[in-house]
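Undergrad: So the sequence lines, in the order shown, correspond to chains C and Y. According to my numbering, the stretch in the first sequence is residues 1 to 317, in order. According to my numbering, the stretch in the second sequence is residues 1 to 113, in order.
Check before you lean on any hint, since a few could be wrong.
Here are the computed distance ranges between Cβ atoms for each label pair [what the hints assert, rightly or not]: (1) Glu52(Y) - Lys107(C): 42 to 48 Å; (2) Ala233(C) - Arg60(Y): 28 to 34 Å; (3) Ala66(Y) - Ala250(C): 48 to 54 Å; (4) Ile288(C) - Thr78(Y): 23 to 29 Å.
Derived by calculation from the structure, the hints in this document are not laboratory data. No experiment lies behind these values; they were computed from the predicted model shown. Glycine is no exception: its CB is placed at the ideal position from the N, C-alpha and C atoms.
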Amino acid sequence: MVGPAHEELEQGLTRVMNAASITNLQRLSGGASRETWRFTADDEEFVLQRVRPGTIGGFQVEPRVLSAAHRAGVPVAELVVDGAERTELQSPFMIVRAVEGETIARKILRDDRFNTARTALTGQLGVAAAQLHQIDASSIPGLVADDQMNRYQTVLRDLGEPHPVFEAAFRWLHLNQPESTSACLVHGDYRLGNIMVNEQGLAAILDWELAHIGDPMEDLGWLCVRAWRFGGAFPAAGLGTYDELFDAYASVTGVRPDPDVVRWWETLGTVKWGIICISQAATHLSGIVRSHELAAIGRRVCENEYDLIELLTKGTP
Amino acid sequence: MTAPHDRPTAAELLEALHEWMERDLLPGVDGRLQFHTRVAINMVDIVRRELELGSDQEARHESVLASFGMNDDEELATAIRSGTFDSDLSAVLTRLLPIVEDKLRVANPRYLR
Numbered sequence: 001m002v003g004p005a006h007e008e009l010e011q012g013l014t015r016v017m018n019a020a021s022i023t024n025l026q027r028l029s030g031g032a033s034r035e036t037w038r039f040t041a042d043d044e045e046f047v048l049q050r051v052r053p054g055t056i057g058g059f060q061v062e063p064r065v066l067s068a069a070h071r072a073g074v075p076v077a078e079l080v081v082d083g084a085e086r087t088e089l090q091s092p093f094m095i096v097r098a099v100e101g102e103t104i105a106r107k108i109l110r111d112d113r114f115n116t117a118r119t120a121l122t123g124q125l126g127v128a129a130a131q132l133h134q135i136d137a138s139s140i141p142g143l144v145a146d147d148q149m150n151r152y153q154t155v156l157r158d159l160g161e162p163h164p165v166f167e168a169a170f171r172w173l174h175l176n177q178p179e180s181t182s183a184c185l186v187h188g189d190y191r192l193g194n195i196m197v198n199e200q201g202l203a204a205i206l207d208w209e210l211a212h213i214g215d216p217m218e219d220l221g222w223l224c225v226r227a228w229r230f231g232g233a234f235p236a237a238g239l240g241t242y243d244e245l246f247d248a249y250a251s252v253t254g255v256r257p258d259p260d261v262v263r264w265w266e267t268l269g270t271v272k273w274g275i276i277c278i279s280q281a282a283t284h285l286s287g288i289v290r291s292h293e294l295a296a297i298g299r300r301v302c303e304n305e306y307d308l309i310e311l312l313t314k315g316t317p
Numbered sequence: 001m002t003a004p005h006d007r008p009t010a011a012e013l014l015e016a017l018h019e020w021m022e023r024d025l026l027p028g029v030d031g032r033l034q035f036h037t038r039v040a041i042n043m044v045d046i047v048r049r050e051l052e053l054g055s056d057q058e059a060r061h062e063s064v065l066a067s068f069g070m071n072d073d074e075e076l077a078t079a080i081r082s083g084t085f086d087s088d089l090s091a092v093l094t095r096l097l098p099i100v101e102d103k104l105r106v107a108n109p110r111y112l113r
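Chain C extracted, bound-state conformation:
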């Protein structure tokens, strides 16, 4: 569909890219607050992300995180334009070089073309996590610390839908909170679905918008949450064992992750996804965005309650 808004964006991109021609401009996806577009500028492929015009948000920190990750050798899309403060495209944006591959978890887990990738992916995810955690967070202005446990406890309370299992999980988390060993750059949404995979394995880590300063084990725990296994039989991204993940991580840092600490973060991650499910349904119910897809997510809350009971009574979901 090509309309005036589309043409205006094309013209804006011509100026931003200093290109002779912008072609193949197409919308890839859109969340509530962001749009993703792909386009060709003089025979090279790029991806644009911009704040949906009219909504609040920005790209204050993400482009800086992305460049720091790129410099550190973490597989990421290369930042081409940091548009946090620019106005050519009506709202803040960033442009990266396109990376080819697949992001859909079920395809990565099941398609034959990813047979080789699947054997390599757990190790690659362990290595990439370790590399990104070694980035000097103080070199990235604007990055802030985030207390995930208190944040989501508050979100649950504000939603006003009582869930005894989540309350029990929060009590367990409080009583068993590990000493944080370090505060570093954390990706914040490190999981299948947010990575680009090609036939060789990990091509790029995407979606850095939730990056913050926190405990590095947050990323490993989140990677293992059962929802992000997408039906796969193994804990790490549905594909690998904890040992494979931890060994790969240790090959970079020299320190093996403590399984109990990762399990604590996996438990918090499971509560967190459960609460996000409640709030997605609430987004529909309150009328902010009417959507049967969001409504249906409300009935996935109990999957997380079930996983939490398994985690806290048997040790593994």
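Let chain C serve as the given structure and place chain Y on it in line with the hints.
TA: Just chain Y now, with coordinates in the frame of chain C:
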């Protein structure tokens, strides 16, 4: 049996809707619309299972809450939050398992191990 309504029953209506969506609607759509159609079929199935299992589950939910001396989830959630059950959270969770399993039997039975 079906009074005050005629057949099809509510469950039979949903069954017919599921069949039509799967047989006639799904093959004609792709991409995002196909995904959203699958979501819709799944929602029809959730409601159908809730109609079938809901009343038994309501009774079980009440009896579990009563075993804690609580009237509703809110009371139990508040008691847990205040630390009342800190000494044996694992036992509390085990007692809550039947309620959660019931929710999964309606929402996504395949998730149960």
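Undergrad: Quick check: does the Cβ-Cβ distance between Ala233(C) and Arg60(Y) fall within 28 to 34 Å?
TA: holds (31 Å)
Undergrad: Using the Cβ atoms, figure out if Glu52(Y) sits within 42 to 48 Å of Lys107(C).
TA: Given a distance of about 34 Å, which is not inside 42 to 48 Å, the answer is violated.
Undergrad: Between the beta carbons of Ala66(Y) and Ala250(C), is the distance compatible with 48 to 54 Å?
TA: holds (50 Å)
Undergrad: Hint says 23 to 29 Å; check whether the CB-CB distance for Ile288(C) and Thr78(Y) agrees.
TA: holds (27 Å)
The structure fails hint 1 only (numbered hints given earlier).
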